[in-house]
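**Q** Given next are the chains, with one letter for each unit.
There are 2 protein chains.
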Amino acid sequence: MLIEFGEQSTKKHAVVIGAGFGGLACAKKLRKSDVYSVTLIDRNPYQLFSPLLYQVATASLPEDDIAFPVRTAYREVQFVRGDVKSVDVNTKEITLSTGKTISYDDLILAVGSEGTTFGIPGVAEHCFQMKSVNDAREIRRSLLSTYESVEDGLLPLESLNVVIVGGGPTGVELAGAVSELQREIKREFEHIAPKATVTLVEAGPRLLPSFHPYSSKYTLKTLTKMGVQVKVGAAVVEATSSSLRFKDGAEIVAGTRIWAAGVVAPTHWKFLGETDRGNRIKVNSNLQLSDSIWVVGDAASFPDATGRPLPMVAPVAIQQGKHVARQIRRRESGKTLEAFKYRDKGQMATIGRRKAVVEMNSRLRFQGSLAWLTWLALHLAYLSGGRNRTSIFADWIWNYIVWTPRRTITE
Amino acid sequence: MLIEFGEQSTKKHAVVIGAGFGGLACAKKLRKSDVYSVTLIDRNPYQLFSPLLYQVATASLPEDDIAFPVRTAYREVQFVRGDVKSVDVNTKEITLSTGKTISYDDLILAVGSEGTTFGIPGVAEHCFQMKSVNDAREIRRSLLSTYESVEDGLLPLESLNVVIVGGGPTGVELAGAVSELQREIKREFEHIAPKATVTLVEAGPRLLPSFHPYSSKYTLKTLTKMGVQVKVGAAVVEATSSSLRFKDGAEIVAGTRIWAAGVVAPTHWKFLGETDRGNRIKVNSNLQLSDSIWVVGDAASFPDATGRPLPMVAPVAIQQGKHVARQIRRRESGKTLEAFKYRDKGQMATIGRRKAVVEMNSRLRFQGSLAWLTWLALHLAYLSGGRNRTSIFADWIWNYIVWTPRRTITE
Chain H
16 MLIEFGEQST
26 KKHAVVIGAG
36 FGGLACAKKL
46 RKSDVYSVTL
56 IDRNPYQLFS
66 PLLYQVATAS
76 LPEDDIAFPV
86 RTAYREVQFV
96 RGDVKSVDVN
106 TKEITLSTGK
116 TISYDDLILA
126 VGSEGTTFGI
136 PGVAEHCFQM
146 KSVNDAREIR
156 RSLLSTYESV
166 EDGLLPLESL
176 NVVIVGGGPT
186 GVELAGAVSE
196 LQREIKREFE
206 HIAPKATVTL
216 VEAGPRLLPS
226 FHPYSSKYTL
236 KTLTKMGVQV
246 KVGAAVVEAT
256 SSSLRFKDGA
266 EIVAGTRIWA
276 AGVVAPTHWK
286 FLGETDRGNR
296 IKVNSNLQLS
306 DSIWVVGDAA
316 SFPDATGRPL
326 PMVAPVAIQQ
336 GKHVARQIRR
346 RESGKTLEAF
356 KYRDKGQMAT
366 IGRRKAVVEM
376 NSRLRFQGSL
386 AWLTWLALHL
396 AYLSGGRNRT
406 SIFADWIWNY
416 IVWTPRRTIT
426 E
Chain C
16 MLIEFGEQST
26 KKHAVVIGAG
36 FGGLACAKKL
46 RKSDVYSVTL
56 IDRNPYQLFS
66 PLLYQVATAS
76 LPEDDIAFPV
86 RTAYREVQFV
96 RGDVKSVDVN
106 TKEITLSTGK
116 TISYDDLILA
126 VGSEGTTFGI
136 PGVAEHCFQM
146 KSVNDAREIR
156 RSLLSTYESV
166 EDGLLPLESL
176 NVVIVGGGPT
186 GVELAGAVSE
196 LQREIKREFE
206 HIAPKATVTL
216 VEAGPRLLPS
226 FHPYSSKYTL
236 KTLTKMGVQV
246 KVGAAVVEAT
256 SSSLRFKDGA
266 EIVAGTRIWA
276 AGVVAPTHWK
286 FLGETDRGNR
296 IKVNSNLQLS
306 DSIWVVGDAA
316 SFPDATGRPL
326 PMVAPVAIQQ
336 GKHVARQIRR
346 RESGKTLEAF
356 KYRDKGQMAT
366 IGRRKAVVEM
376 NSRLRFQGSL
386 AWLTWLALHL
396 AYLSGGRNRT
406 SIFADWIWNY
416 IVWTPRRTIT
426 E
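Protein chains in written order, with our numbering: chain H, 16 to 426; chain C, 16 to 426.
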């Protein structure tokens with residue numbers, strides 16, 4: 016049963032599917048409307064701060080820190096936990112997998128994206144993805160427990176090796192963090208740990224393909240200096256239970272294999288309209304599919320000035336979420352809709368302790384300590400809850416100043 | 016394979032089983048010995064700070080905060096993760112369940128205790144225990160996810176009820192914390208949450224039986240005022256999948272049933288010597304079973320002045336662990352062994368926000384805010400790692416001052 020609330024009879028109803036960056040930004044901006052009541056649906060009762068997922072996977076942060084409880088966040092937003100099974104655009108009704116139905120006047124699709132294996136054999140079975148808290152938890156368990164298994168003679172030494180596929184920001188950040196974790200663990204498993212390796216694999220010609228070549232070069236040099244083996248132009252053709260195989264016949268044996276090489280929108284929503292190669296729904300200049308359906312974030316295919324769809328990153332989702340809320344309110348006041356314009360504030364990736372790359376625009380780029388501090392500050396600023404912000408800040412003080420990584424395995 | 020370390024040929028070898036309060040205190044004090052090398056064995060690579068387990072169970076603290084990684088703690092102590100299968104006291108050899116064997120010159124048993132159901136039907140199947148991180152995680156999941164299931168109509172309203180069996184400090188602390196969690200959740204599930212109840216059940220005539228009757232009375236009054244239903248003199252005869260049944264025919268229907276009513280030492284070690292009713296091994300005045308085997312903490316049955324075994328609490332374990340380390344070092348310097356004497360520094364239990372009872376000795380007792388601050392300060396002081404201490408301190412500031420409980424369900 017959906018909790019009925021008094022206003023529903025008089026107010027219009029906006030339903031947001033997905034409590035990620037885009038969905039929350041939209042719900043937050045719409046919640047004080049006198050005309051609309053807002054319902055937010057997600058299968059999890061928290062917003063996952065996925066840019067820091069790699070720190071949970073490498074045991075730097077506890078998982079609670081990057082999961083922001085949405086129920087408590089905005090009192091005016093009705094939260095419903097559930098999976099959406101179908102949408103009837105004629106009756107304007109959503110059906111959840113539990114059978115519960117919810118009517119909407121406006122529907123905002125903010126359903127995000129998921130990892131894709133590109134159909135490469137063995138990847139789904141033998142590689143970790145890194146999209147959810149559960150994924151990060153499994154990676155962390157694999158990274159840490161392998162040392163004990165090897166020490167006990169239950170696994171061969173090569174199991175300590177880690178291979179990460181995908182040279183985008185996620186792969187780069189993960190490779191740097193794994194390398195730092197491996198270095199720290201040397202003190203605890205003195206006899207076996209020095210043998211552990213980490214390899215970062217990219218199919219294209221350079222790391223961070225969406226960045227300026229100079230940033231790619233700096234990243235390659237920095238990772239290499241940290242001991243990460245970087246393999247570019249290397250296409251994976253198969254994953255097995257103990258290795259990755261490449262097109263050129265090479266093979267990397269590794270106990271922990273992480274797939275961070277590609278993200279697509281969920282196919283589930285294709286029935287709503289035309290989609291691009293990444294399953295992203297093509298929207299008009301107002302981010303609309305129809306008068307009453309809006310799409311924001313990773314799930315929306317919206318072209319930039321050159322005609323390529325905008326990247327699947329948090330700033331795009333947040334700006335789009337806010338834009339849709341603004342348009343819904345404009346329409347109610349009888350104003351015309353405005354086209355969405357993305358203000359590109361640049362991009363950044365952290366490589367390791369005191370090392371990052373930042374690109375503010377085509378001219379302003381910087382690397383190293385200053386870039387890393389910028390990265391820290393911006394990530395803290397983007398975190399939703401004061402509590403999570405404090406907690407992560409305290410953890411980072413320990414990680415980066417006191418230098419005691421949190422490294423408990425509690426399962 | 017056990018990692019060999021150079022000193023082993025020349026040094027004697029002390030093996031500590033169990034990384035709880037007693038085992039760690041002993042290992043820590045013995046680790047700088049020139050005569051002994053120290054190995055610590057535990058099935059988990061962390062010390063569990065069990066006095067705060069109830070805060071993990073009620074979503075106030077993340078589980079990482081109360082799990083202190085032992086590998087990194089003391090460099091001189093060799094840590095082995097494993098389950099001890101058997102001990103051969105003649106050859107002085109321990110066998111782990113993996114088959115690995117470890118020889119010792121001195122063995123320190125610090126194996127702690129576990130929950131007991133007293134053989135009451137249904138308790139093992141239908142009640143949560145609260146001894147491990149996993150137990151706390153399951154309680155948290157049950158407490159939080161029940162609200163969603165009830166809202167979705169998948170569970171009846173009575174599922175929101177919580178019943179806790181055991182009126183000792185654990186039961187009292189848990190009941191208070193559950194009551195505060197239920198009050199906080201009212202804001203999120205306005206229509207169903209006000210129906211939730213929490214009942215604390217004690218078989219004896221009063222709560223906190225080991226405390227002064229005045230403290231029991233204060234605790235009963237305070238819990239009642241907080242909305243906890245307290246049932247004393249109530250013997251559980253059966254647990255079902257939805258309720259607890261009592262000797263007088265009464266029944267309490269509750270979705271979350273927690274058993275905090277009794278703790279015994281593991282039966283696994285009974286083969287070593289004479290045990291008391293709680294499976295605790297009877298030791299001599301030096302805490303010895305034999306020249307080379309020592310027992311500390313919950314696993315040891317050591318009489319107080321009145322002949323009753325000392326309580327199973329952290330201060331006893333810590334003092335005994337240190338005592339054994341001291342005796343081993345005395346013996347090496349040719350000194351005679353000293354009998355163990357427990358210095359009772361009192362006991363305390365927290366009831367809720369700004370409410371606790373503290374008994375320093377038979378004369379000095381206090382309650383309320385001052386007692387609560389004493390409780391906070393002492394628990395922070397007893398935490399092993401600076402990192403955990405900082406992290407819990409930050410969380411408590413949020414919980415008690417900013418009043419935003421951490422309440423993420425990430426699974």
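Simulated from the structure, these hints should not be mistaken for lab results. Predicted model, so just to flag it, every value in this text is computed and none were measured. Fair warning: there could be bad hints in the mix.
No distinction is drawn between identical chains; accordingly, a pair holds when it is met within one copy or between any pair of copies.
Below, in silico cross-link-like pairs of lysine-lysine (BS3-like), each with a Cα-Cα straight-line distance of 27 Å or less [stated by the list, open to error]: (1) Lys285 / Lys26; (2) Lys27 / Lys297; (3) Lys47 / Lys246; (4) Lys285 / Lys246; (5) Lys100 / Lys146; (6) Lys262 / Lys107; (7) Lys100 / Lys27; (8) Lys262 / Lys285; (9) Lys115 / Lys201; (10) Lys115 / Lys246; (11) Lys201 / Lys107; (12) Lys337 / Lys240; (13) Lys232 / Lys100; (14) Lys115 / Lys210; (15) Lys44 / Lys201; (16) Lys115 / Lys350; (17) Lys115 / Lys26; (18) Lys27 / Lys201; (19) Lys285 / Lys240; (20) Lys240 / Lys47; (21) Lys107 / Lys350; (22) Lys356 / Lys236; (23) Lys262 / Lys26.
**Q** Next step is simple, just say for each hint if it's right about the structure.
**A** Taking the hints in turn, this is what the structure says about them:
no.: 1; hint: Lys285 / Lys26; result: neither (30 Å within a copy, 70 Å between copies)
no.: 2; hint: Lys27 / Lys297; result: within (26 Å within a copy, 73 Å between copies)
no.: 3; hint: Lys47 / Lys246; result: neither (51 Å within a copy, 46 Å between copies)
no.: 4; hint: Lys285 / Lys246; result: neither (35 Å within a copy, 57 Å between copies)
no.: 5; hint: Lys100 / Lys146; result: within (21 Å within a copy, 40 Å between copies)
no.: 6; hint: Lys262 / Lys107; result: neither (49 Å within a copy, 55 Å between copies)
no.: 7; hint: Lys100 / Lys27; result: within (23 Å within a copy, 66 Å between copies)
no.: 8; hint: Lys262 / Lys285; result: neither (32 Å within a copy, 60 Å between copies)
no.: 9; hint: Lys115 / Lys201; result: between (53 Å within a copy, 23 Å between copies)
no.: 10; hint: Lys115 / Lys246; result: neither (49 Å within a copy, 39 Å between copies)
no.: 11; hint: Lys201 / Lys107; result: neither (58 Å within a copy, 31 Å between copies)
no.: 12; hint: Lys337 / Lys240; result: neither (41 Å within a copy, 45 Å between copies)
no.: 13; hint: Lys232 / Lys100; result: neither (45 Å within a copy, 54 Å between copies)
no.: 14; hint: Lys115 / Lys210; result: between (54 Å within a copy, 23 Å between copies)
no.: 15; hint: Lys44 / Lys201; result: between (48 Å within a copy, 24 Å between copies)
no.: 16; hint: Lys115 / Lys350; result: neither (35 Å within a copy, 76 Å between copies)
no.: 17; hint: Lys115 / Lys26; result: within (21 Å within a copy, 69 Å between copies)
no.: 18; hint: Lys27 / Lys201; result: between (60 Å within a copy, 26 Å between copies)
no.: 19; hint: Lys285 / Lys240; result: neither (44 Å within a copy, 55 Å between copies)
no.: 20; hint: Lys240 / Lys47; result: neither (51 Å within a copy, 37 Å between copies)
no.: 21; hint: Lys107 / Lys350; result: within (24 Å within a copy, 86 Å between copies)
no.: 22; hint: Lys356 / Lys236; result: neither (36 Å within a copy, 62 Å between copies)
no.: 23; hint: Lys262 / Lys26; result: neither (58 Å within a copy, 54 Å between copies)
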